[in-house]
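Participant: Each chain, written out:
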Amino acid sequence: MSRDFIRKVAFGLGLEEELPNDPLLWSQKQFDKIPNLIWGHPLPSLEDQRKRYGQWVYGDRKVLRNKFKNDRLKYESEKDQLRKTTGEKFFETFELSVRHTSALATDSPAFERMWQFWGNFFAISEKDFLASFSTGVYQREIIRPNMNKTFEDLVYNVTTSWCMLHHLDNAENIGPSSKRGISINSDPQEKSKVGLNENHARELLELHTVSPEANYTQEDVIEMAKVMTGWKYLWNKKYLEAGPIKFQDEYHENGPYKILGKIYDIRDYNTVSQGKELKVVIKDLANHPSTKKHIALKLCQHFICDEPNEEMMNKIIKAWDQSDGSLIDIHKATMKVAFEYGNNFKKFSMPELWLLQNSKMLDLKYYLYSYPKGFEFSGSVPRTKQLLVKRILEQLGHPIYRAKQPNGYVDLEDEWLSPELIIRRLAVARRFPEMSNSKLIYDNEFFENVIISNFDEPSNLLNLMKTPTTYSDRFVIFANSPEVMRS
Amino acid sequence: MNCTRRSFLKGSLATIFFSNFNIPLYGSVQSPKKNFIIISLRGGMDGLAAVPVSDPLINRYRSELILNKKLKLNSDFSLHPKLKTLHSLWSKKQASVVHATNIPYTNRSHFDGQNIMETGALKAYTQKTGWLGRGMKSAGLYESGLALSLPMPLLLRGVEKNNNYYPTWMSLPKREIIEIVTRAYDGIEKDKLQEIYNVILNRPLTMQGGDESLDTLSKRTAKILKDPLGPRVAVFDLEGFDTHTAQGNENGEHAENLQDIDLIIRNLHEGMGSDFNNTLIMTLTEFGRTVEQNGGNGTEHGYGSAILMAGGLLKKSQVFTDWPGLKQSNLFEGRDLQSTIDARSVYASAMSSVFNTEFERIKKDVFWNEDIKDLSSHLFVS
Numbered sequence: 001m002s003r004d005f006i007r008k009v010a011f012g013l014g015l016e017e018e019l020p021n022d023p024l025l026w027s028q029k030q031f032d033k034i035p036n037l038i039w040g041h042p043l044p045s046l047e048d049q050r051k052r053y054g055q056w057v058y059g060d061r062k063v064l065r066n067k068f069k070n071d072r073l074k075y076e077s078e079k080d081q082l083r084k085t086t087g088e089k090f091f092e093t094f095e096l097s098v099r100h101t102s103a104l105a106t107d108s109p110a111f112e113r114m115w116q117f118w119g120n121f122f123a124i125s126e127k128d129f130l131a132s133f134s135t136g137v138y139q140r141e142i143i144r145p146n147m148n149k150t151f152e153d154l155v156y157n158v159t160t161s162w163c164m165l166h167h168l169d170n171a172e173n174i175g176p177s178s179k180r181g182i183s184i185n186s187d188p189q190e191k192s193k194v195g196l197n198e199n200h201a202r203e204l205l206e207l208h209t210v211s212p213e214a215n216y217t218q219e220d221v222i223e224m225a226k227v228m229t230g231w232k233y234l235w236n237k238k239y240l241e242a243g244p245i246k247f248q249d250e251y252h253e254n255g256p257y258k259i260l261g262k263i264y265d266i267r268d269y270n271t272v273s274q275g276k277e278l279k280v281v282i283k284d285l286a287n288h289p290s291t292k293k294h295i296a297l298k299l300c301q302h303f304i305c306d307e308p309n310e311e312m313m314n315k316i317i318k319a320w321d322q323s324d325g326s327l328i329d330i331h332k333a334t335m336k337v338a339f340e341y342g343n344n345f346k347k348f349s350m351p352e353l354w355l356l357q358n359s360k361m362l363d364l365k366y367y368l369y370s371y372p373k374g375f376e377f378s379g380s381v382p383r384t385k386q387l388l389v390k391r392i393l394e395q396l397g398h399p400i401y402r403a404k405q406p407n408g409y410v411d412l413e414d415e416w417l418s419p420e421l422i423i424r425r426l427a428v429a430r431r432f433p434e435m436s437n438s439k440l441i442y443d444n445e446f447f448e449n450v451i452i453s454n455f456d457e458p459s460n461l462l463n464l465m466k467t468p469t470t471y472s473d474r475f476v477i478f479a480n481s482p483e484v485m486r487s
Numbered sequence: 001m002n003c004t005r006r007s008f009l010k011g012s013l014a015t016i017f018f019s020n021f022n023i024p025l026y027g028s029v030q031s032p033k034k035n036f037i038i039i040s041l042r043g044g045m046d047g048l049a050a051v052p053v054s055d056p057l058i059n060r061y062r063s064e065l066i067l068n069k070k071l072k073l074n075s076d077f078s079l080h081p082k083l084k085t086l087h088s089l090w091s092k093k094q095a096s097v098v099h100a101t102n103i104p105y106t107n108r109s110h111f112d113g114q115n116i117m118e119t120g121a122l123k124a125y126t127q128k129t130g131w132l133g134r135g136m137k138s139a140g141l142y143e144s145g146l147a148l149s150l151p152m153p154l155l156l157r158g159v160e161k162n163n164n165y166y167p168t169w170m171s172l173p174k175r176e177i178i179e180i181v182t183r184a185y186d187g188i189e190k191d192k193l194q195e196i197y198n199v200i201l202n203r204p205l206t207m208q209g210g211d212e213s214l215d216t217l218s219k220r221t222a223k224i225l226k227d228p229l230g231p232r233v234a235v236f237d238l239e240g241f242d243t244h245t246a247q248g249n250e251n252g253e254h255a256e257n258l259q260d261i262d263l264i265i266r267n268l269h270e271g272m273g274s275d276f277n278n279t280l281i282m283t284l285t286e287f288g289r290t291v292e293q294n295g296g297n298g299t300e301h302g303y304g305s306a307i308l309m310a311g312g313l314l315k316k317s318q319v320f321t322d323w324p325g326l327k328q329s330n331l332f333e334g335r336d337l338q339s340t341i342d343a344r345s346v347y348a349s350a351m352s353s354v355f356n357t358e359f360e361r362i363k364k365d366v367f368w369n370e371d372i373k374d375l376s377s378h379l380f381v382s
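Chains A and B supply the protein sequences, listed in that same order. 467 is the number that the numbering used here gives to position 467 of the first sequence; each next residue is one higher, with no gaps. 214 is the number that the numbering used here gives to position 214 of the second sequence; each next residue is one higher, with no gaps.
Only chain B is shown next, with the shape it has when bound in the complex (with noise of 0.2 Å):
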C-alpha cells in the first residue's frame, strides 16, 4: 500500500519508553548495570542516505539525493553530516553499523512491517509479543519493567508487569487527592488497581513532570538510565522515515531524521558519562528504501536497511557487512538495497551481550530456534 501517513507526523510523535529492571537477577545485582536502547525509526529509513557507500553508479540511480558533504568512516562508508555525534563517537570505538540488513520482510507495507520488526515474527499479525519483551523474559529481566508510553509498546511485550511514563501537558492533582484515591482501595485485597496507584505516589524526581520534548526525553532517560536500580531498558520511537517526496540530500526531511537519532545519541552519551560504556544503543526500522528516486525526488518502500549502533558495548567502530552491491542484478527485485544479514541475529546477539544471557536461549526462547546467527564475538564485547 502506498502509505504516506507517517511523513507528516513527525515532530509530534516523538516518544519513549523504557524498561526497568529493580529485581536482581538470580539473585545477585549485576554490576555495573548494562543498558540497552532501542530507537525505532518507524516509517523506512533509507540506509543508504545514513549511511553512503562509496560507489559511483549511486549517482545515476539517485542524483537528486547525492551527499556533498560527508563525514568519512573508512573507505568505502560515509556518514551523513547531520550524524555528527555518531562520527565523534567512531573515532572512541563506541559507534558502529551493520549495513544491508533488515528484518526478513520484502513486502513493504508500513503496517505488517512495524509488526514484524517489533514482534521479531515472519509473518505479520501472529505474534501478540515484542522480541525485546520476550527478551527480557528470557533473560529474568521480569516484575519491574518500566515502559514510558500509551500505550506499552509491542517490542515490550511479553514480560509481566512492565510499568510505564510518558509525560503530559495535563497537571495532575496534588500528592494528598491521589493518597485519598490509594486508600480507597485498601478493603479490596491485592488490587492491582492500588498497586499502580502506589507506584504513581512513588515515582522518582526524574520521572515527575517533563515534557514530550525529544530533546527532554532524551536527557531525562540518561538521568534515569543513570540510577543503578533504574531501568536498564529504554526504547524511542521517531516517525517520519517515510520520505516519498522531497527527501533532500545534507538537508531537508530526511536529514531533520536523522538529526533527530544524533540528537538522542548525543544526550544519552553527555548524561550518563561513564555509565555510557555500559550502554549499547541501537536502531530499528521496518525495511529501507529503493535505490533509485522517484517521480517525487523521494523514494519508495524498499528492503535492505542499515542498523545504526553506538555506546561502550560495542567492540570496535566498524561498518559490518557482507555488501551486495549496487548492479541493477544486484538489487532485491531489481530495486531495493538486498539484505543480506538478518536483522534478528543482530537483535540477538545484542540481546545475548547485553542481558548476559546465551546466545542459544535466546534463539530457542525469542526467535523460535529460526536460523539465526550469533554475531555477539563480532559486534560486541561480552
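Here chain A stands alone, though its shape is the one from the complex (with noise of 0.2 Å):
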C-alpha cells in the first residue's frame, strides 16, 4: 500500500506532487512538531473571539431587547447590524477557511487529518453561539498545541478550556456546601435553588476518557461533578458568561472524592484552592486502561475501518504504553496501523474528508475565498463567496462546527447512508467544475493521470471514466465511485 495510504491518512495526492520514498515514514514525520497553519492574514486569539461572544450577548440581551421591547421589526433589524459588526455571521466561514485552505496547502497533511480526528472527538456541539465565534479559534488554540504532549495535556487544557466548560454547563455545576451554595440556596429571595450539574462531569468519564466500557456509575458522575465544580468563567457585567475561566474556591464543594474506586482525599490547601483537583483526578482518568482502549477504538475507526480488531487496537496501546501517553508516539503508531492493515480495511470518507480529498486530487480550490491569501473581519457580512465554504458542508450534511451532540460526528458508514446524504454528495460533485481550477483542462488523460496517481489498483477507476459523458459528469462520477467514497 502506498498510494491509496496517501488517501487513507491524508487527502490525496495533488497534481504536482509525487509519491514520498517511504510513505510510512512521511506519514509519521509530520507528527514530530505542529506545523504552522497555511493563512496569509493574522489569526484571531479565542480571548478576541471571547470577547466578541461577549459584545454579541451582552448586546442583544442587555441592551437591544429592552431598548426596542414594543417594535420587533426595529429589534430585527438592530440585531442584524449587531450580527455584522461583532462577526457573529463571519467566523464560522473564515474558520472553515483557514482549515481547508491548510489542509490543501500544507505539506503536512496526515497531521491536519489527525487536527481534524481530535476537533471531532473533543466537540464543541451545536449550543448557543459558540459554532459562530469560538469553536474554529478552540480547535487552533487548545486542540492544536497539545498534539506533541500528552494525552493528559489534551485532556486537560479541552477540559479547562472556556468552550468546553461553557459547551457543558459546568458554570451552573455548583456545590450545594460551598459558600456560594449555601448562601444562595438559604436566600429566601433567590427563587433559583443552585447544586450539581453533572452534565461536563458525565462526557468528560463517557466521551472524553475512559468510555463506559469502564463501568462506572451514576455515584461516580457526582463525585466527578464535584470535583470540576468552581471551574466556570469570571462574570462581568460587560461580557456575561463571556469571561475568562478561573477556578473559583467560593463554588467548589469539597473533598473527599471517590471515583472508580479511587479515593482522591487531598487535603493541601493550595491544591484545593486552585482548583488542581481536577489535574489530579484527570491524571488518573487519562491513563486509565478504558481510556487508553477508548482511543485506540476511535483513532482505528477514523483511519482504518468501523470494526477495528483487537490486534489494530493493541498496537496503539502498546506505544501509549512505551511513551506514558505521549501523542506523538500514539499519532505515529495509527499510522503505521494504517499503513500495515490498509490493503484489506477501507474507510468510508465522512463529507467533509471527501470534499478535500476530491479538492486535493483534483485541484478544486476555489470554493475557497483569496485561495491561499487568506481575508480579514472588517466589521461586515462575508461576501457570498467567503461562504462558499460553509454553504457546501451544510449541503452535504457536514456542518463541522454544528454536530448535534456532544459525541461528534459520528465516524461510522452507517450513520452516513441515506439517501438524502449521497444525493447531496451527487449534486454538490456535479459542482465540481465551478470549483475547479480554470488553467486546466478536466479532460479523459487528466483523469488518468489523477488516478494513475491516486491508487494502487487504478483498473476499475479507469475502466469506470472510459464511460462517455459530458464534462460535469465526469466529476459526478470519479467523486461517488468506490474509490473515491472509501479509502
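Hints were generated in silico from the structure; no laboratory data involved. Warning: the hint list may mix true and false statements.
[Claimed, not checked] Calculated lysine-lysine pairs in the DSSO-like style (CA-CA distance at most 30 Å, straight line): (1) Lys33(B) to Lys92(B); (2) Lys84(B) to Lys404(A); (3) Lys179(A) to Lys51(A); (4) Lys84(B) to Lys174(B); (5) Lys69(B) to Lys74(A); (6) Lys466(A) to Lys174(B); (7) Lys223(B) to Lys74(A).
Take each chain as given, in its own frame, and dock them per the hints.
Facilitator: Here it is, written out as C-alpha cells:
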C-alpha cells in the first residue's frame, strides 16, 4: 500500500506531487512538531473571539431587548446590525476557510487529518453561539498546540477551556456545600436553587476519557461533578458568561471524592483552593486502561475501518504504554497500523473528508475565497464567495462546528448512508467544475493521471472513467465511485 | 443558559422528516394505514399563548401578551386566533389539547430539554435513540423507515434503515449518470452504498424535486402519506419558539410560529382527504414559558406547556388536563405553569393506538417501564 495510503491518512496527492519514497515515514514525521496553519493574514485569538461573543450576547440581551421591547421589526434589524459588527455571521466560514486552505496547501496533511480527528473527538456541539464565534479557534488554540504533548495534557486543557466548560454547562455546576451554594440556597429571595450539574462530568467520563467500558456508576459521575465545581468563567457585567475561566473556590464542593474506586482525599490547601484536584483526577482518568482502549478504537475507526480488531488497537495501546501517553507516539503508531492494514480495510469518508480528498486530487481550491492568501474581518457580513465553504458543508450535511451532540459526528458508515445525504454528494460533485482550476483541462487524460497517481490498483476506476460523458458528469462519476467514497 | 439562537433561525429551518413502512406488520397489511405525524416545536412553546385559560389572574402576569380575540373552545379554554384550522377541526371532533403537560425536565436548557424531548429519557445525553424510533421498532415498523432531513432526527433513531428525503436547491445529475455510478458498485457484494443509490434511482415522483418551504413540504407530505405503501410516520421540525423579546399577542413572533403549525395541519387536512381520518398529528416541545412576562415583553424558559393534537384518530375534541392553577403558589418554583401530566404518557398512548401495539409493551420497550400512564382510552380511538 502506498498511493492508497496517502488518501487513507491524508487527502491524496495533488497534481504536482510525487509519491514519497517511504510513505509511512513521510506520514510519521509530520507529527514531530506542530506545523503552522497556512493562512495569509493574522488569525484572531480565542480571547478575541470570547470578547466578541460577549459583545454579541451583551448587546442583544442587555441592550437591544430592552430598548426595542415594543418594536420587533426595529429589534430584528438592530440585532442584524449587531451580528455584522461582532462578526456573528463571519467567523464560522472564516475558520472553515482556514481549515480547508491549510489542509490543501500544507506539506503535513496527515497532521491536519489528525487535528480534524481530535476536533471531532473533543467536539463542541451546536450550542448558543459557539459555532459562530469560538469553535474554530478552540480547535486552533486548545487542541492543536497540545498535539505534541500527552493525551493527559490534551484532556486537561480541553476540560478547562472556556469553550468546553460553557458547552457542557459547568458554570451551573455549583457545590451545594460551597460558600456560594450555601448562601444562595439559604436566601429566601433566590427563587432558583443551585446544585451540582453533572453534564460536563458525565461527558468527561463517557466521551473524553474512560468511556462506559469502565463501568462507572452514577455515583462516580456525581463525585466527578463535585471535583469540577468552581471551574467557571469570571462573571463580568459587560461580557456576561463570556468572561475568562478562573477556578473559583467559593463555588467548590470539597472532597474527599471517590471515583472509579479510588479515594481522592486532598488536604493540601494550595491544591484544593487552586482547583488542582481536577488535574490529579484527570491524570488517572487519562491513563486508565479503558481510556487507552477507547482512544485506540476511535483512532482505528477514523483511519482504518468501522470495526477494527484487537490486534490493530493493541498496537496503538502498546505505543501509548511505552511512551506514557505521548501523542506523538500514539499518532505515529496509528499511521503504522493504517499502513499495515490498509490494503484489506477500507473506510467510508465522511462528507468533509470526501470534499477535501476530491479537492486535493482534482485541484478544486476555488471554493475557498482568496486562496491561499486569506481574508480579514472588517465588521461586515462575509461575501457570498467567502460563504461558499460553509454552504457546501451544510449541503453535504456536515457543518463541522455544528454537531448535534457532544459526541461529535459519528465516524461510522451507517450514520451517513441515507439517500438524502448521498444525493448531496451527487449534487455537490456536479458543481465541482465551478470550483476547479480554470487553467486546467479536465479531460480523460487528466482524470487518468489523477487516478494513476492516487490509486494502487487503478484499473476499475480507469475503466469506469472511460464511459463517455459530459464534462461535469465526469466529476460526478469520479467522486461517487466506490474507490473515492472509501479509502 | 440564556440561549436565544433559535429565535432568529425561524423560517430558514423548517424541516420535515418521514418514516415509512412498507413491510407488512407480522404478515398482514394493516388496512387502512394509520399515520402518525409529529411537529417538533423547538425553543419552548408558550402553552398559555397557544391555548389561553379563562382566568383573570393572567392579566396580572402578562399584560402585554393578553389576547383580545380568541377562538373559544369551552368555558375554560380558547385557542390563539392563528390556530384557525385547529379550531375548525374542533367542531368536527378532530382537535384536542393536553394542557399543563411536559416531559419531566425542569432545568430550562434548550440543549438538554430538546435532547430529552427526543430521547424520552430522564437525563440528557444518556440515550442515543429517540422514543419514536424505539416505538416503531417495538411495533415492528422497521427496514423501510424514511426520514426527510439532514441528518436523521434523534427522535426517529433506534429503528434500522430509516430512509430520508429533504429537497436541496442544488440539481441532481441526470438519471443515466446515477445509473453509471450505481453499476460501479456491482463488483462489491451487498454494498450498502449501492443500495442507497438504488433507492435514489427508484424514488417516487412525490419525493423528487420540491423546495424546503413549509407550505410545499406539508403539501408534499400529504401526498406522500396518501400512498398506501408510503410512510406512516412523519416528523416536522419548527424552530423559533424561544420568544424572549417582543413575543406579541394576536400578532407577533409567537403568533407567526403558531401560524406555521396551523399551516401544516391545514395542508395535511386538505391534502389527505379521507386519509386524515386515519391520522394523528401531535406537537412536541422541550418546555413551556414563564407565566409572567419579562422586561422585554417576552417570556423566559419555563416548565409546563401544551400538546396540540389533530386528526381522525382522536377520541373527541377536548382539553385534557389536570389544571394546576395560576396562583403564585400553584406555579412551579413560583414562576412556571406546573406540569401535571407526563408528556411521555401521551406519546406512549399515541404510539400504542396508532401502531396497534399494547401500551405495556411500548412502556417497557420505549420508556424502560417508567411510571407513565395509559391515556389511550381517554384520548384516542383504538
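Participant: Each of the hints needs a verdict: does it hold here or not?
Facilitator: Checked hints:
Under the criterion of a C-alpha separation no larger than 30 Å, the hint pairing Lys33(B) with Lys92(B) is consistent with the structure, at around 21 Å. At roughly 34 Å between alpha-carbon atoms, Lys84(B) and Lys404(A) are farther apart than 30 Å, so this suggested pair is violated. Under the criterion of a C-alpha separation no larger than 30 Å, the hint pairing Lys179(A) with Lys51(A) is consistent with the structure, at around 29 Å. This hinted pair does not check out: Lys84(B) and Lys174(B) have alpha carbons roughly 43 Å apart, beyond 30 Å.
About 25 Å separates the Cα atoms of Lys69(B) and Lys74(A), which keeps this hinted pair within 30 Å; it holds. In summary, the hint linking Lys466(A) to Lys174(B) is supported, as the alpha carbons are separated by about 18 Å, within the 30 Å threshold. Our distance criterion of 30 Å between C-alpha atoms is broken by Lys223(B) and Lys74(A), whose separation comes to about 40 Å.
Comparing the model with each numbered hint stated earlier shows that hints 2, 4 and 7 do not hold.
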